[in-house]
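Residue-level listing of the chains:
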Amino acid sequence: KQEVTQIPAALSVPEGENLVLNCSFTDSAIYNLQWFRQDPGKGLTSLLLIQSSQREQTSGRLNASLDKSSGRSTLYIAASQPGDSATYLCAGGRGAAGNKLTFGGGTRVLVKP
Amino acid sequence: DTGVSQNPRHKITKRGQNVTFRCDPISEHNRLYWYRQTLGQGPEFLTYFQNEAQLEKSRLLSDRFSAERPKGSFSTLEIQRTEQGDSAMYLCASSPPFRQGHEQFFGPGTRLTVL
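Going down the list, the protein sequences come from chains Z and V.
Per our numbering, the very first residue in the first sequence carries number -12; after that it's consecutive.
Per our numbering, the very first residue in the second sequence carries number 20; after that it's consecutive.
Treat the hints as calculated values from the structure; they're not laboratory data.
By construction, the Cβ of each residue, glycine as well, lies at the ideal position given by its N, Cα and C atoms.
Don't take every hint at face value.
As the list claims (entries may be wrong) - List time: in silico BS3-like cross-link candidates among lysine-lysine, alpha-carbon distance up to 25 Å:
no.	chain 1	residue 1	chain 2	residue 2
1	V	K33	Z	K29
2	V	K90	V	K33
3	V	K90	Z	K29
4	Z	K(-12)	Z	K29
5	Z	K29	Z	K99
6	V	K90	V	K76
7	Z	K(-12)	V	K33
Unchecked claim - If you only want the chain Z side, here are some residues facing chain V, beta carbon under 7 Å, derived:
no.	residue
8	P27
9	S33
10	L34
11	L36
12	F90
13	G92
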């Protein structure tokens, strides 16, 4: 059974600092890993999807890496801005039979101006 | 807007009442998922449809819960005899056919409060 963990549960950084968000998973047979952003009381916005055959994906200031052997994924956000304040969730997809996602508990990020 | 839509956005009900939520996926997405999220936690999988077929249900989905996807388009999630523990955000997601990609796109959610 896949288990996904995100530590820390919350962090605060000054504006302009790079953000490093961690995600660990127990089943290395993960098919893909997806990062999401969630604003308070809202749904999830997909940020990046990494397939198991890939090592990283980039979109603008965001870069996500995947290391299946160590069971880790990292989301980097360069030059953080107050608008980046949100909860970031990672989720592992199993691939077969619908690619059900197993989520971590999220990291709540506050970027201080 | 061609994203996933959910209605209603908020629902307040009394314990013991029945409630129904609706999800409209992105057009041409044949895969549809329901998740439940409680405060401070990540979403948990409830059920999955491929076209009109419900292919998987989580053990979280007690017999008070039923989901349908007639004609493989929109989906409904019904909760009968609601309990206070059902209070949560109910999220719907859709994704394209398997060979076209695996990214899941989420709707805004329906927040249920059971008094």
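Status of each hint after checking the structure:
For the proposed pair K33/V and K29/Z, the alpha carbon gap of about 23 Å is at most 25 Å, so the pair holds. Between the alpha carbons of K90/V and K33/V the distance comes to roughly 31 Å, so the proposed pair goes past 25 Å and is violated. Restraint check: the Cα-Cα separation between K90/V and K29/Z comes to about 28 Å, which exceeds 25 Å; the hinted pair is violated. The straight-line distance between the Cα atoms of K(-12)/Z and K29/Z is roughly 28 Å, outside the 25 Å bound, and the hint therefore fails.
For the hint linking K29/Z to K99/Z, the alpha-carbon distance of about 21 Å falls within 25 Å, and the restraint holds. Simply put, K90/V and K76/V have alpha-carbon atoms about 19 Å apart, close enough for the 25 Å limit, and the pair holds. Restraint check for K(-12)/Z and K33/V: not satisfied, since their Cα atoms lie roughly 35 Å apart, outside the 25 Å limit. About 11 Å separates the beta-carbon of P27/Z from the nearest beta-carbon of chain V, more than 7 Å, and the hint is not met.
Given hint, S33/Z at the interface with chain V, holds; its Cβ is 6 Å from that chain's nearest Cβ, closer than 7 Å. Interface restraint check: L34/Z against chain V, minimum CB-CB distance 10 Å, threshold 7 Å, status violated. At its closest, the beta carbon of L36/Z sits 5 Å from a beta carbon of chain V; the interface hint therefore holds under the 7 Å criterion. The beta carbon of F90/Z comes within 3 Å of a beta carbon in chain V, closer than 7 Å, and the hint placing it at the interface holds.
With a cut of 7 Å, the hint placing G92/Z at the interface with chain V holds, because the nearest CB-to-CB distance is about 5 Å.
Hints 2, 3, 4, 7, 8, 10 from the list above are not met by this structure, while the remaining hints are.
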